[in-house]
Amino acid sequence: MPRDLGDVLHYFLPTSDRGAGRAEEAVEIGQRSEPLQRPAALPIVSLPIDERDVVRSAFAWNLTVEIARLGASACLVAPVAKRSSVIWPDEGCGPVGAEAVFPHVDGLGALSRAALDVAVARAADSSDGGIVVTCVPPSWLRAPHEGRALLRWTLLFATTEARDLLETYALAKQLLLSSEAMRVGITIHGARRVSEAANAFSHVAGVSAKHLGRTPVSYGLLVDDLHVYRAIVARRPIGLEHPQSRAARALRDVARLVLEDARRIARV
Amino acid sequence: MPDGSRVSELRLAAAPPRSEGLRLLRSRIADVVPGWQALAEDVLGADARIDLVGSEPNGGTVLVLVGEAGQDLELIGRGLAQHAWVTPRVADWLQLAPDLPLRAEAGVRVVLLCPAFRPEAVAALGAMQQPCPLLLGTLRFLRNAAGVEPLIEPLERVAAPTETQDVRRLVAIAPFRTGLTDDDLALSSEEHAEFE
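Protein chains in written order, with the numbering used here: chain X, 1 to 268; chain L, 1 to 196.
If we strip away everything but chain X, and leave its shape as in the complex, we get (with noise of 0.2 angstroms):
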């Protein structure tokens, strides 16, 4: 049967509305013969990150290790760029199990369903959940109708700077006024002290609420300092080569952050 990603995707996804929404897919899945153990798919995040981005790319394969550390089944799914970025980790079974999927994709909806396809076999054999991270090129965004249940729970990376808070909130509102449905998450890095950041987070926040009326959700900070830098040049996940490092305990965090609602979402 062909499967689409809209199809199943409330069942593992998170919705803004934890009220109604989830009270009915609750009553759903308590209709089954037996308690569920396991979602039909794991959790999908969607980054948007431009290929170019070494810096973000870095973060979402490093975060995807550190899920990976945390106990949980992770994999990242990226398209296949024309570029391919050199921090990108070989294809297949990486450090503590971290996974990387390159499908060959070239829209948002093909990218949809290469994802929906590992979060399906992933759940299969992930006994502690688990969660399929997946980079979208943020030109596929604007796609008007397919694939878009992939971003209902998206994960955006700012940097403290003005005009990077300014597209930041730009893709927020596009995402938030696209559906009642979305989430979206925001992880501030490149801030020298933790009140930089939370100040950053706090005024997109806000101007979101002011003009949108709904507001992205915090998802913490990642600290880019030169550990970061060494262990994206070396292509060695930062948790593993500097696990005591102030930039591998704030990943550890965001990525703690993320499973958190990844369990609740299969919990549901």
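Worth double-checking, as some hints may not be accurate.
Below 20 angstroms or equal to it, Euclidean Cα-Cα: the simulated EDC-like pairs (lysine to aspartate or glutamate) are [said to hold, decoys possible]:
(1) Lys210/X x Glu180/X
(2) Lys210/X x Glu41/L
(3) Lys210/X x Glu74/L
(4) Lys210/X x Glu191/L
(5) Lys210/X x Glu194/L
(6) Lys210/X x Glu241/X
These are calculated hints, taken from the structure and not from any lab test.
With chain X's structure known, arrange chain L on it following the hints.
Below, chain L without anything else, positioned relative to chain X:
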């Protein structure tokens, strides 16, 4: 020629060990690339090491490869390979280290240094499409009273990218990190003002 030495005191010397030779070269590349600033040494490039990486005043990236006697033709091949490998990666380097005095649009040049270049090597260079990114220079070491000094004599100078080319490339660069443009964002002036 090294400053402060009398000609009678100078004599050719054997090349010092590689690490010492590179240390001496770091400051002398400016003899052939005015305004050269050394940035890194022994960088892993296209399946081989790049001896020195530096910048020139327009933000151009300069690679330096040092070959031994008889390696001149091979050095040209390595130079082209490293040029092809580094050119698309300068923008990545800038993301990792934004303070580097480089501009991806300013291009990459490669300085190839060898004790001598045979006529075939010079002919190979001449047959390349212009402007050629390679600059050949003979490298010898001279001993004077103060020690060993490198002497670089360029065989061919290469024109730097023109300002017109730079501007054209800059215009094509998207202003946002995601590659999107202001038009893609479709924000109101009020929303823009919130982030000014």
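inquiry  = So if I understand the rule, the pair passes when the alpha-carbon distance is 20 angstroms or less; does Lys210/X with Glu194/L pass?
reply    = holds, 10 angstroms
ask   = Does the structure keep Lys210/X and Glu180/X at a Cα separation of 20 angstroms or less?
value = With Cα atoms ~17 angstroms apart, Lys210/X and Glu180/X stay inside 20 angstroms; holds.
inquiry  = Hint check: Lys210/X vs Glu191/L, CA-CA at most 20 angstroms. Holds or violated?
reply    = holds, 10 angstroms
ask   = Lys210/X and Glu241/X: Cα distance at most 20 angstroms?
value = Distance of about 42 angstroms is beyond 20 angstroms: violated.
Straight-line alpha-carbon gap Lys210/X to Glu74/L, limit 20 angstroms = violated, 64 angstroms
Hinted pair Lys210/X and Glu41/L, Cα distance within 20 angstroms = violated, 51 angstroms
Hints 2, 3, 6 from the list above are not met by this structure, while the remaining hints are.
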